[in-house]
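Could you build the full structure based on these sequences and the hints that come with them?
Each chain is listed here by its residues.
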Amino acid sequence: MLICAVVVPAISGLSRANADDASVAAGPVRFEGYPDAPEVFVVPRKDELFFYPCDQCHAAMEANPEIRKLDTAHHAEIDHGRGRIWCLSCHDLENRNFLKTLLDEPVDFDEAYIVCGGCHSSQHKDWVFGAHGKRVAAWQGERTQYNCAHCHDPHDPAIEARAPEPGPRARAGLELKTGTMHEASPVWGSHGTDSEK
Amino acid sequence: MTDDRGKCDEVRRNFLRGIGLSAAATVVQPAWGGQTLGDAFAGFFQKHYQQMSPEEVEAALERIERKAKARYGVDITCKDTPPLEGVVFGYAINISRCKGYRDCVHACVKENNLGRDSQVEYIRVLEMDKGTSNLEHSDHYYDPETVPQEGKYYLPIQCMQCDDPPCVKACPVEATWTERDGIVVVDYDWCIGCRYCMTACPYWARHFNWTDPEIPAEEINPDTHYLGNRPRERGVVEKCHFCIQRTRNGRQPACQEACPTGARIFGNLLDPDSEIRYVLANKQVFRLKEELGTEPKFWYFSD
Amino acid sequence: MAIIRFIFDGIREMLRGPREYWIALGVLLLVVAAGAWRYVEQVTTGLVVTGMSDQVSWGFYIANFAFLVGVAAASVLLVIPAYIFHRNDIKDVVLVGEGMAVAAVTMAILFVIVDLGRPDRLLHMLPIPGIGRLNWPVSLLAWDVIVLSGYILLNLAIPFYLLYSRYRGREANFRLYFPFVVISMFWAISIHTVTAFLFSANPARPFWHTALLGPRFIASAFASGPALIIITLQIIRKVSTYKVSQSVIDTLALIMTISLQINLFFVGAELFTDFYNEGAHAASIHYLFLGLGGFNSLQPWIWFALALNVVAVVILMINPLRRQTRTLNIACVLAFVGIWIEKGMGLVIPGFVPTPLGEVFEYAPTGVELTVAAAVWAFGILLFILLAKVVIAIEQGRLRYPDQASKGFRSRQ
Chain A
61 MLICAVVVPA
71 ISGLSRANAD
81 DASVAAGPVR
91 FEGYPDAPEV
101 FVVPRKDELF
111 FYPCDQCHAA
121 MEANPEIRKL
131 DTAHHAEIDH
141 GRGRIWCLSC
151 HDLENRNFLK
161 TLLDEPVDFD
171 EAYIVCGGCH
181 SSQHKDWVFG
191 AHGKRVAAWQ
201 GERTQYNCAH
211 CHDPHDPAIE
221 ARAPEPGPRA
231 RAGLELKTGT
241 MHEASPVWGS
251 HGTDSEK
Chain B
10 MTDDRGKCDE
20 VRRNFLRGIG
30 LSAAATVVQP
40 AWGGQTLGDA
50 FAGFFQKHYQ
60 QMSPEEVEAA
70 LERIERKAKA
80 RYGVDITCKD
90 TPPLEGVVFG
100 YAINISRCKG
110 YRDCVHACVK
120 ENNLGRDSQV
130 EYIRVLEMDK
140 GTSNLEHSDH
150 YYDPETVPQE
160 GKYYLPIQCM
170 QCDDPPCVKA
180 CPVEATWTER
190 DGIVVVDYDW
200 CIGCRYCMTA
210 CPYWARHFNW
220 TDPEIPAEEI
230 NPDTHYLGNR
240 PRERGVVEKC
250 HFCIQRTRNG
260 RQPACQEACP
270 TGARIFGNLL
280 DPDSEIRYVL
290 ANKQVFRLKE
300 ELGTEPKFWY
310 FSD
Chain C
188 MAIIRFIFDG
198 IREMLRGPRE
208 YWIALGVLLL
218 VVAAGAWRYV
228 EQVTTGLVVT
238 GMSDQVSWGF
248 YIANFAFLVG
258 VAAASVLLVI
268 PAYIFHRNDI
278 KDVVLVGEGM
288 AVAAVTMAIL
298 FVIVDLGRPD
308 RLLHMLPIPG
318 IGRLNWPVSL
328 LAWDVIVLSG
338 YILLNLAIPF
348 YLLYSRYRGR
358 EANFRLYFPF
368 VVISMFWAIS
378 IHTVTAFLFS
388 ANPARPFWHT
398 ALLGPRFIAS
408 AFASGPALII
418 ITLQIIRKVS
428 TYKVSQSVID
438 TLALIMTISL
448 QINLFFVGAE
458 LFTDFYNEGA
468 HAASIHYLFL
478 GLGGFNSLQP
488 WIWFALALNV
498 VAVVILMINP
508 LRRQTRTLNI
518 ACVLAFVGIW
528 IEKGMGLVIP
538 GFVPTPLGEV
548 FEYAPTGVEL
558 TVAAAVWAFG
568 ILLFILLAKV
578 VIAIEQGRLR
588 YPDQASKGFR
598 SRQ
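One line per chain: the protein sequences are A, B and C, in this order. Take any residue in the first sequence, note its place counting from 1, add 60, and you have its number in our numbering. Take any residue in the second sequence, note its place counting from 1, add 9, and you have its number in our numbering. Take any residue in the third sequence, note its place counting from 1, add 187, and you have its number in our numbering.
Hints are computed from structural coordinates only; laboratory data are not their basis. It cannot be assumed that every hint is accurate.
Have a look at the derived ranges for each label pair, beta carbon to beta carbon [as the list claims (entries may be wrong)]:
| id | chain 1 | residue 1 | chain 2 | residue 2 | range |
| --- | --- | --- | --- | --- | --- |
| 1 | B | Lys-298 | A | Leu-163 | 45 to 51 Å |
| 2 | C | Gly-466 | A | Gly-252 | 23 to 29 Å |
| 3 | C | Phe-367 | B | Glu-300 | 41 to 47 Å |
| 4 | A | Cys-211 | B | Glu-154 | 45 to 51 Å |
| 5 | A | Phe-110 | B | Glu-227 | 32 to 38 Å |
| 6 | C | Tyr-208 | A | Thr-240 | 53 to 59 Å |
C-beta: ideal position from N, C-alpha, C; glycine also.
This is the structure:
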């Protein structure tokens with residue numbers, strides 16, 4: 061299939077670039093699913109993964125394909141898909157150091173976008189062309205962008221709410237007074253309250 | 010008698026030498042708002058940026074560097090990097106990604122040497138109610154526990170770098186103009202501070218230095234551009250310049266770099282393969298106050 | 188040269204007067220000095236000492252500027268009857284009116300200068316390569332600089348020529364000065380129209396972005412200007428023996444009445460147009476008259492100004508009251524103050540509220556602004572008194588070049 065063309069096999073031979081040094085990523089990739097897809101360098105993820113390579117432990121463990129709830133000492137609580145997916149939806153049972161597509165093809169962790177794109181195709185397309193995610197360092201020349209998992213924890217992908225940075229202040233020497241301007245009611249507000257069910 | 014004359018001569022010589030030294034000292038000692046008298050004098054006669062010869066620009070850049078050293082004790086470099094060929098900058102913000110963090114606002118303050126005391130901020134993030142685009146119901150001063158808040162969306166606003174800028178028309182001394190790469194710039198050494206451009210701007214993007222910007226010396230960004238983030242004085246107007254000191258060297262603007270959600274997309278409008286062009290061709294983009302005919306180069310879109 | 192003698196004689200006349208004259212000058216100079224002192228504070232610290240902000244970036248200074256350009260333009264109301272309609276009674280006082288125009292334009296220009304962030308860079312406005320760069324004809328502010336400077340020159344040059352001729356005991360050459368008089372008539376309208384366009388050219392400010400702003404400016408100028416001229420002429424009549432015919436006052440009062448009626452009609456038109464189907468563009472006028480989002484600091488002022496104007500126009504419309512000195516003077520003061528509020532702060536501030544991003548941030552002038560503004564007004568009044576002193580002296584024949592030809596000359600142009 062089209063996706064196969066981009067799968068990078070095996071661990072050996074891949075340069076372990078430092079994720080902070082965005083310009084020294086693995087070689088450029090070009091998603092051939094779309095015509096005119098640009099060449100991008102993707103910031104590697106494997107160095108960020110604390111437990112990688114997974115074979116360290118799993119080579120000695122039994123492979124159990126049964127869908128079940130796992131204890132969370134090592135395995136993440138999954139808040140992704142509201143019960144429609146579980147660990148082995150994305151992780152490859154046979155090759156623990158890889159992820160897998162919907163068609164059970166192995167995918168390197170540095171190319172996690174292939175897995176995410178299997179379901180989130182519109183975001184994936186936007187990401188390929190640079191409308192989703194983050195391009196780092198330069199706006200011209202070699203395009204380097206972050207992997208999906210850089211921002212979205214695949215086990216709990218929603219971006220958490222956080223405190224905002226401080227707001228603007230009034231000009232030095234002047235006082236900021238609050239008004240009632242931003243108290244808006246919904247468009248239907250003048251028609252009364254919501255009706256009973 | 011010869012002795013007396015000799016003594017007189019000596020006294021006169023010392024006196025004249027003393028005057029000469031004092032005069033020389035006055036010229037080179039910082040006295041005029043942190044500048045030497047010589048620099049202040051040369052600054053007074055400094056021409057409009059577009060009319061200076063390369064040597065005069067060089068001298069102006071050096072004056073700026075000396076002044077920063079005298080004022081903050083910091084060594085800065087000031088350049089006037091010209092626009093890149095075949096480049097016109099454009100910016101798009103994905104408002105379904107903006108969470109209202111204001112990381113962009115504060116990154117800009119640091120990058121562009123904005124006064125911490127004078128409260129000038131080039132970017133203002135508006136908290137809008139979902140379901141309306143009426144700016145009058147926006148909250149500029151939102152300060153909840155966490156963002157994004159329920160039922161709100163966020164609209165960061167900064168200079169739109171209009172293609173038909175009303176501010177450029179308004180300025181009586183042509184202190185603001187559009188550069189070849191589309192950035193609307195200000196010559197801070199030419200502006201007379203009449204603030205007519207501020208009345209003309211429909212996006213409230215231009216800001217005035219009501220007093221001298223106060224920047225802690227250790228936080229000064231020393232890589233500056235004459236038309237960009239070099240230290241400014243009171244009495245002049247300034248605004249977002251798409252981080253001209255960065256973008257003309259290929260780097261992303263500070264706001265784009267700071268945004269943790271990747272909501273900001275910056276690039277070259279003349280490059281058909283750029284992300285900004287993809288956004289403009291494939292997303293439901295809109296511009297603010299488009300009906301005023303200003304032709305902003307700043308778009309908003311949502312997924 | 189005789190011209191040098193003329194200037195010296197003029198200065199000497201300015202430095203001559205009874206005790207009351209010197210008390211008046213003294214008080215005015217004190218106010219000027221106080222303002223200059225606070226202006227130094229403003230220049231060394233920055234405009235942060237004013238109440239202006241990024242939200243309301245023009246304030247009391249520009250409010251006074253807009254009002255005073257109108258007063259300056261109104262001198263044309265004496266020039267036209269004097270020279271086109273051959274009203275000799277008005278011709279007797281036309282030079283006083285031009286002196287008022289000079290004082291008013293000087294004040295207007297001073298208000299712009301004290302509002303500048305970098306007044307040391309004033310020369311940047313000169314269209315001389317290497318020194319300045321004037322954005323003419325694109326910038327309305329550039330236009331304003333040109334028309335105001337031209338207006339001062341016209342209103343100094345023409346009276347200078349006329350007064351100098353009388354000083355030398357000879358008839359002024361009508362063919363020489365009349366074309367400039369005609370130019371000054373159109374120029375007077377232009378200074379105020381350009382100032383109106385300065386505001387109305389901004390679609391970013393819906394409150395000003397109306398074609399009606401130019402007509403409103405002229406109408407209010409022709410109401411406030413004569414009000415000031417009427418009061419001033421009566422003061423001159425009282426403190427000197429200068430001949431001020433009652434017919435002059437009557438004509439000016441009539442012009443003022445009609446202009447005030449038109450001005451109030453324009454206000455009504457604005458209120459209807461904005462409030463009938465009220466949209467976001469009416470936010471500023473809503474703020475002005477009714478408050479916005481809980482902010483309403485200008486509301487009492489505008490209603491007060493409207494009341495003053497309505498009372499004034501009612502008085503003026505009643506013929507016996509308009510002809511009676513005391514009621515006329517009351518109407519003049521009410522109209523002058525009412526229009527000063529409505530066209531000054533009532534025009535400038537609502538243009539900034541709300542900001543183009545919908546924020547409501549209010550403005551109030553600080554002590555520095557009030558003091559500096561008072562000083563500018565005092566300077567203008569001072570300038571007018573000095574100019575009027577010389578005009579009166581020459582017109583009354585008390586100031587003549589010491590030669591036989593001049594001595595017996597009595598002018599009647």
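Checked hints:
no.	hint	in the structure
1	Lys-298(B) / Leu-163(A): 45 to 51 Å	holds, 49 Å
2	Gly-466(C) / Gly-252(A): 23 to 29 Å	holds, 24 Å
3	Phe-367(C) / Glu-300(B): 41 to 47 Å	holds, 45 Å
4	Cys-211(A) / Glu-154(B): 45 to 51 Å	violated, 22 Å
5	Phe-110(A) / Glu-227(B): 32 to 38 Å	holds, 35 Å
6	Tyr-208(C) / Thr-240(A): 53 to 59 Å	holds, 55 Å
When the structure is compared with the earlier hints, a violation turns up for hint 4 alone.
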